[in-house]
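Q: Line order of the protein sequences matches chains A and B.
So for the first sequence, the numbering used here puts the first residue at 1; every next one is plus one.
So for the second sequence, the numbering used here puts the first residue at 1; every next one is plus one.
I should point out that these hints are in silico values taken from the structure, not numbers from a laboratory.
Glycine included, each C-beta is placed from N, C-alpha and C at the ideal position.
There's no promise every hint is true.
To be verified - Covered stretches of chain B, going by a simulated chain A footprint (3 or more residues, C-beta under 8 Å):
#1 72 to 84
#2 139 to 150
#3 155 to 161
To be verified - Beta-carbon label-pair distances, calculated as ranges:
#4 B/D108 / A/H534: 58 to 66 Å
#5 A/A99 / B/S2: 26 to 34 Å
#6 A/L423 / B/G19: 49 to 57 Å
#7 B/G19 / A/G73: 52 to 60 Å
#8 B/D108 / A/N460: 25 to 33 Å
#9 B/E145 / A/D476: 29 to 37 Å
#10 B/E145 / A/L423: 33 to 41 Å
#11 B/I11 / A/D476: 53 to 61 Å
#12 B/P25 / A/L98: 33 to 41 Å
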Amino acid sequence: MYHYDEIDQRIVNERVRQFRDQTRRHLAGALSADDFRPLRLQNGLYLQRHAPMLRVAIPYGLLSSRQLRRLAGIARRYDRGYAHFSTRQNVQFNWPELAAVPEILAELAEVQMHAIQTSGNCVRNVTTDHFAGIAPDEIVDSFVCCEIVRQWSTLHPEFAHLPRKFKIAITGAALDRAATFVHDIGLQAVRADDGAVGFRVIVGGGLGRTPIVGHVIREFLPWRDLLTYLDAILRVYNRHGRRDNKYKARIKILVKERTPEKFAQEVEAEWAHLRGGPATLTDAEVERIGSRFTRPAYLRLPADDAALAAAVAAEPPFAAWVRRNVHAHKVPGYAAVSISLKKTGVPPGDVTAGQMDAIAGLADRYSFGELRVSHEQNLILADVRRRDLHGLWLALRPLGLATPNIGLLSNIIACPGGDFCALANAKSIPVAEAIQARFDDLDYLHDIGELDLNISGCMNSCGHHHVGHIGILGVDKNGEEWYQITIGGHQGATRDGAQAAIGKVIGPSFARAEIPDVVERLVDCYLAHRDSEHERFVDTVGRIGVEPFKRAAYGPRAHDAASPRRAGMEAVAAARLAGPRANSGVPGIEVVQ
Amino acid sequence: MSALIRERRVIADRWVFAGTSAELPAQGDVLVPLALWSAERDGLALRPGRIGVLLGPADDPAALVHDLPQLALVAVDFPQATDGRGYSTARLLRERYGYTGELRAVGDVGRDQLFNLARVGFDAFALRDGEDVAGALAAFADFSEAYQASVERPQPLFRRRTNGASSAIAARNRRSSLAALPHEFNFRRPDPIG
Ligand code: SF4
């Protein structure tokens with residue numbers, strides 16, 4: 001856990017004071033709604049369909065039990081007793097009163113939290129690998145890099161009014177769990193042959209209405225030059241990014257219009273002036289930041305625990321949980337545990353105040369009082385002794401937090417959608433629930449294996465549907481809610497070595513009631529074609545292409561596997577294929593390598 | 001009439017804006033857009049009174065590199081407060097092109113922008129109509145510190161920190177970090193195993 005020093009705390013306190021005054025002026029009529037809007041957005045406050053929504057930063061997804069208890073308290077006092085963890089490692093409250101927001105921010109500041117730059121056209125909360133610091137494949141600890149970038153981006157004077165929002169992701173491990181290819185800037189730690197640490201710099205990736213896989217503009221950036229190089233990229237973007245059309249304002253459009261090569265040249269030319277300047281990082285600063293992180297005091301433990309092995313053998317439900325929700329740790333005798341917030345019937349990412357308090361207690365008892373938030377909207381206890389796994393599982397079960405579905409189809413990522421979000425074309429939460437209800441047989445789920453299913457309620461893509469192995473997007477068709485399906489998207493490497501890809505649309509949209517059937521037919525098609533249990537859904541799509549899946553989704557004769565529900569769907573599919581195309585007017589999906 | 005703040009005080013504005021050569025007053029200090037300056041530089045330099053140039057958000061300040069010693073004022077227009085290009089323009093003028101004269105933010109300039117505008121090198125602010133001047137003057141103190149290097153504080157916070165202020169946690173960890181850190185720093189947090 002990073003611990004603020006006096007200046008970090010003072011800056012956050014002063015931001016609370018500033019926002020309190022801005023809110024006061026707005027409520028007193030001295031600051032118009034239009035002028036207040038960018039100010040409140042820079043502090044994470046949206047005015048949504050039902051009530052304001054306050055997004056609180058969880059920098060790089062790292063959270064202490066004390067902070068989680070404070071979030072629970074805020075959920076009780078100012079909200080309706082729950083909170084929502086987002087896909088960007090943040091937490092959202094959906095029901096606070098505008099006038100109470102300064103008070104909430106003051107309470108957050110007491111536990112070293114804030115809502116700075118969680119929205120608005122500025123550099124947002126930097127995200128990273130939820131296994132930072134513990135992953136066996138780690139090159140550098142990305143938390144330290146993230147905190148350095150957090151401080152650099154916090155209230156940056158030059159980049160508070162960019163053309164559009166700006167998201168940075170950092171990974172410090174060999175396997176990219178931070179989706180660096182679909183961020184405005186992705187940084188991948190790399191180690192040169194001589195042992196020097198630096199970053200591969202990826203620019204211009206992103207989801208939203210024009211999903212694009214980012215481009216590497218520099219293979220190796222020495223770590224000391226990190227901030228001057230970020231300044232150079234941001235300056236080129238701030239000056240030249242489009243401001244005439246908000247749908248073309250992200251950096252990915254600038255990179256595309258300039259071409260990645262030309263854009264890289266412009267950045268290098270700008271950097272030539274900044275390189276070696278005062279923002280160049282020093283060993284002392286990196287050491288200082290690193291030293292402000294507390295680190296678990298691990299015990300020396302044997303790598304294997306006999307009691308654990310016995311419990312796994314004796315209790316199949318526990319074994320299923322260990323298989324899905326327990327992850328490798330670089331320290332012998334320890335493991336990381338995912339707490340699934342994806343129980344069927346609960347909106348993905350939602351937790352009640354009672355659950356937050358209970359999880360905080362478990363973090364204290366089992367994991368050094370720390371937690372992480374994953375971009376899959378789950379919580380992670382990162383440092384659990386293997387011998388404690390069974391006890392932890394027993395404690396999680398009655399809380400409804402032991403669903404063994406990490407990486408499986410029912411671990412659905414879904415944005416708040418039409419139930420909460422003013423921008424939505426369609427609801428996403430009921431769709432997630434219907435799919436979870438259809439795939440409620442755990443053995444079947446485990447047999448299907450790893451499958452990322454992501455749902456967004458509109459083209460803004462907060463549910464990251466483009467990188468779902470199956471992606472579902474809410475579209476509006478004459479005022480009705482329809483859903484477009486993509487397959488083959490992914491983030492993180494697949495079998496063929498691709499780092500990330502945008503899913504391909506399989507055809508016309510579906511009505512909400514059809515979605516569980518369609519997903520089932522896609523899954524059936526995969527099961528019929530996979531070369532072995534080791535070939536995941538997304539790898540099969542990569543090998544055999546979209547066509548077989550398309551035929552499976554829309555027509556019954558295309559694939560050989562028998563699906564019990566298929567016959568009944570024939571008439572529906574035929575009728576819908578004959579009907580109007582639901583996705584006309586929705587911008588095309590484009591794949592840029 | 002909007003207020004002008006310079007060096008943290010409200011002052012009278014002596015500058016007259018002329019958008020075209022027909023609007024140029026016979027004498028006195030005049031502010032002209034970049035296009036007019038570029039077209040009639042020589043004539044303008046000869047007229048009595050000082051010259052200032054107004055840059056729009058898309059104007060490249062590099063166009064003024066050779067003229068800056070002649071200019072008593074550079075104004076940067078913010079058509080909307082949310083158009084942040086002028087912040088980069090200001091830093092380039094101050095940090096790259098060495099401009100030391102008056103740098104004025106004009107347009108949609110309110111109190112909530114002043115703190116950052118001052119940090120990137122503006123020293124004069126033509127407030128938009130109706131802005132509360134007392135509140136605006138107070139806004140320069142919205143924050144007492146900032147992390148980044150800027151025109152106002154050329155060194156970033158991490159180069160200005162005094163090392164003595166660390167908390168007990170940092171002190172405790174520093175001991176282990178010194179023992180654990182290899183020479184080539186690798187971003188690893190101190191790891192107290194063993
Ligand atoms: S994807 Fe659309 S509907 Fe979903 S949260 Fe984002 S803006 Fe709202």
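Q: Run every hint past the structure and note whether it holds.
A: For each hint, the structure was consulted:
{"no.": "1", "hint": "72 to 84", "verdict": "holds (count 4)"}
{"no.": "2", "hint": "139 to 150", "verdict": "holds (count 9)"}
{"no.": "3", "hint": "155 to 161", "verdict": "holds (count 6)"}
{"no.": "4", "hint": "B/D108 / A/H534: 58 to 66 Å", "verdict": "59 Å, holds"}
{"no.": "5", "hint": "A/A99 / B/S2: 26 to 34 Å", "verdict": "31 Å, holds"}
{"no.": "6", "hint": "A/L423 / B/G19: 49 to 57 Å", "verdict": "40 Å, violated"}
{"no.": "7", "hint": "B/G19 / A/G73: 52 to 60 Å", "verdict": "57 Å, holds"}
{"no.": "8", "hint": "B/D108 / A/N460: 25 to 33 Å", "verdict": "27 Å, holds"}
{"no.": "9", "hint": "B/E145 / A/D476: 29 to 37 Å", "verdict": "47 Å, violated"}
{"no.": "10", "hint": "B/E145 / A/L423: 33 to 41 Å", "verdict": "36 Å, holds"}
{"no.": "11", "hint": "B/I11 / A/D476: 53 to 61 Å", "verdict": "54 Å, holds"}
{"no.": "12", "hint": "B/P25 / A/L98: 33 to 41 Å", "verdict": "49 Å, violated"}
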